[in-house]
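Residue numbers (full-length UniProt numbering): 1 to 99.
Simulated from the structure, these hints should not be mistaken for lab results. Beta carbons: idealized from backbone N, C-alpha and C, even for Gly. Any given hint might turn out to be false.
[Unchecked claim] List of simulated lysine-lysine pairs, DSS-like, C-alpha gap at most 30 Å:
(1) 66 with 86
(2) 66 with 78
(3) 66 with 85
[Said to hold, decoys possible] Restraint-style ranges between C-beta atoms, simulated for each label pair:
(4) 88 with 45: 18 to 26 Å
(5) 43 with 92: 26 to 34 Å
(6) 24 with 57: 16 to 24 Å
(7) 30 with 69: 16 to 24 Å
(8) 92 with 38: 26 to 34 Å
(9) 63 with 85: 25 to 33 Å
(10) 16 with 57: 17 to 25 Å
(11) 90 with 19: 16 to 24 Å
(12) 93 with 41: 27 to 35 Å
(13) 38 with 96: 28 to 36 Å
(14) 63 with 84: 28 to 36 Å
(15) 30 with 95: 15 to 23 Å
(16) 60 with 20: 15 to 23 Å
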Amino acid sequence: MAHIVAEPCFDCKYTDCVVVCPVDCFYEGAQMLYINPEECIDCEACVPECPVEAIFHEDNLPDDWKDFTALNAEEAPKCPVINEKKDALEGESCTPAKK
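Starting from the given sequences, assemble the full structure and let the hints guide the process.
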């Protein structure tokens, strides 16, 4: 099992989560981050760091966002690894961070 980055990250792309990941399993796409499920060790360090609450354990992913499981698995290998904090994307469809 792995953690999944879901809909709230789309067009926001906050990177608070990537700096706490001990295995560098986050990957940066154009509009969101992805977690490589083959690399995630389920440590949950990233979950409380996400200001838009976009990271879920695969077992707790809301039904409306189940497609993000396959999306993370497919997109992560295509994208560069990210392990340093960057400015947030905060695009048009982004709901501002709660932190």
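Hint check results:
1. This hinted pair checks out: residue 66 and residue 86 have alpha carbons roughly 27 Å apart, not beyond 30 Å.
2. About 20 Å separates the Cα atoms of residue 66 and residue 78, which keeps this hinted pair within 30 Å; it holds.
3. Only pairs whose Cα atoms come within 30 Å are accepted, and residue 66 paired with residue 85 is accepted, the gap being roughly 27 Å.
4. One distance hint, 18 to 26 Å for the beta-carbon pair residue 88 and residue 45, holds here, with the actual separation near 19 Å.
5. The supplied range of 26 to 34 Å is met by residue 43 and residue 92, whose beta-carbon atoms lie about 33 Å from each other.
6. For residue 24 paired with residue 57, a C-beta distance near 19 Å keeps the hint of 16 to 24 Å intact.
7. Roughly 20 Å separates the CB atoms of residue 30 and residue 69, a value that falls within the hinted 16 to 24 Å.
8. For residue 92 and residue 38, the hinted distance range of 26 to 34 Å is satisfied, since their beta carbons lie about 32 Å from each other.
9. In this structure the supplied range 25 to 33 Å holds for residue 63 paired with residue 85, their Cβ-Cβ distance being about 31 Å.
10. Taking the beta carbon of each, residue 16 and residue 57 are about 18 Å apart, inside 17 to 25 Å as hinted.
11. At about 18 Å, the beta-carbon gap between residue 90 and residue 19 stays in the expected band of 16 to 24 Å.
12. The supplied range of 27 to 35 Å is met by residue 93 and residue 41, whose beta-carbon atoms lie about 31 Å from each other.
13. At about 32 Å, the CB distance of residue 38 to residue 96 agrees with the hint of 28 to 36 Å.
14. Under the hint 28 to 36 Å, the C-beta atoms of residue 63 and residue 84, about 33 Å apart, fit the expected range.
15. Separation of residue 30 from residue 95 is about 19 Å and conforms to the stated range, judged on CB atoms against 15 to 23 Å.
16. The hinted range of 15 to 23 Å is satisfied by residue 60 and residue 20, whose Cβ atoms lie roughly 19 Å apart.
Checked against the numbered hints given earlier, the structure satisfies every one of them.
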